[in-house]
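Undergrad: Keeping their order, the protein sequence lines are chains A and B.
Per the numbering used here: the first sequence = residues 1 to 111.
Per the numbering used here: the second sequence = residues 1 to 116.
FYI, nobody ran anything at the bench for these hints, they're computed from the structure.
Check before you lean on any hint, since a few could be wrong.
[To be verified] Label-pair restraints from in silico Cβ distances:
(1) B:Y95 - A:D66: 23 to 29 Å
(2) B:P109 - A:L9: 20 to 26 Å
(3) B:T20 - A:D66: 38 to 44 Å
(4) A:K41 - B:T54: 25 to 31 Å
(5) B:S80 - A:D66: 44 to 50 Å
Virtual Cβ for every residue (Gly too), placed ideally from N, Cα, C.
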Amino acid sequence: EDKVVQSPLSLVVHEGDTVTLNCSYEVTNFRSLLWYKQEKKAPTFLFMLTSSGIEKKSGRLSSILDKKELFSILNITATQTGDSAIYLCAVLRGSQGNLIFGKGTKLSVKP
Amino acid sequence: NAGVTQTPKFQVLKTGQSMTLQCAQDMNHNSMYWYRQDPGMGLRLIYYSASEGTTDKGEVPNGYNVSRLNKREFSLRLESAAPSQTSVYFCASSYLLSGRATDTQYFGPGTRLTVL
Chain A
1 EDKVVQSPLS LVVHEGDTVT LNCSYEVTNF RSLLWYKQEK KAPTFLFMLT
51 SSGIEKKSGR LSSILDKKEL FSILNITATQ TGDSAIYLCA VLRGSQGNLI
101 FGKGTKLSVK P
Chain B
1 NAGVTQTPKF QVLKTGQSMT LQCAQDMNHN SMYWYRQDPG MGLRLIYYSA
51 SEGTTDKGEV PNGYNVSRLN KREFSLRLES AAPSQTSVYF CASSYLLSGR
101 ATDTQYFGPG TRLTVL
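So that you can see chain B by itself, here it is in the shape it has in the complex (with noise of 0.2 Å):
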């Protein structure tokens, strides 16, 4: 039982390109999201999913996409990467029963990503 996984754990790139952060989590929740945490300014919710099927933009969404490929399986896409998207993300995954949550929200082990 790996929890929630994230890969990769680091990633610089160029202005301009793209990449896919992958999540994944094994604990059957249905519900997913993707944060970003920057120096003195607290996890920000990027997107989530409240299930499989559903995605949703949450306080920053702008510059990336994601995907609910899976019950199991949520990424995070930036299209055209900049600066200001250098920072570390993480991926949580929660349980909801009859649209409620219920149970804390489990976090993987973070991607440190930085653009040039």
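So here's chain A without its partners, still in its complex pose (with noise of 0.2 Å):
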């Protein structure tokens, strides 16, 4: 059965601090790997990966794939307390565009 874990399912930081969220996946027909932060609302996109070792970096936030290793991080440098969100990864597999989804780390960061 695919499935995709992440860890820690919490984390409470404060400001400044640099946190690395995991993912991990066991997913038959691997197509790539999405990260999306999650604040009150619908789940809004960050990052797409589809090779191994390419890191993808917006602003103060990282990713990275290992596809023989099977997972992911996701980097938050110098974090602020905008930055206080549900962080979900996502597996697309399939032809179709199917996502399997995480159980998401909900990230605090504190003044």
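If you follow the hints, you should be able to join the two separate chains into one complex; please do so.
TA: Dropping the structure here:
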């Protein structure tokens, strides 16, 4: 059975800290791995990773995929209170675009 | 350009009532999805439509039906609501090119449904 596992499930840090969120997967017919940020409403897209070893960056956020070891990490440097959210990892599988999600990591950044 | 829209935003039903959740996208995407999100469970796929005229079951289809009305619209129907269907429902869309998903899925704002 396909599965995506995120860790930790929750995390509390202080502003300025650096955090690493983990996502491991066991999925048949893997296409790509996606990271989303969810605040109060709909998930918003952060990154799509298809190839191993290529880091994607957007400001203080970065992510990388290891297709051999079947995991990805999402790094956030110099965290701010606005980074507080649930971060979702999802794997795109098959040819019909189905996403399977992990349970998410709830990040709380304290001032 | 509104992206993905959903109606209603909130709904309270009694057990056994029926209702339809509406979803529309204006991004010319060919593929659309319905998810539910429960605390501690992440998002789970209910049904999807890879293209106009086709629908397929996802991970948790029981108790739901869908209709792909046209390229823009994809509705989710609860025929006889149950308390276990209390959840937040998200619609999403993406563009499939030659059978491969080439783009991320864009999500609507969600519908918070409570079944008493």
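Undergrad: Hints first: check each against the structure and report whether it holds.
TA: Hint check:
1. B:Y95 - A:D66: 23 to 29 Å: holds, 27 Å
2. B:P109 - A:L9: 20 to 26 Å: About 25 Å separates the Cβ atoms of P109 (chain B) and L9 (chain A), which means 20 to 26 Å holds.
3. B:T20 - A:D66: 38 to 44 Å: holds, 43 Å
4. A:K41 - B:T54: 25 to 31 Å: This hint holds: roughly 29 Å between Cβ atoms.
5. B:S80 - A:D66: 44 to 50 Å: holds, 46 Å
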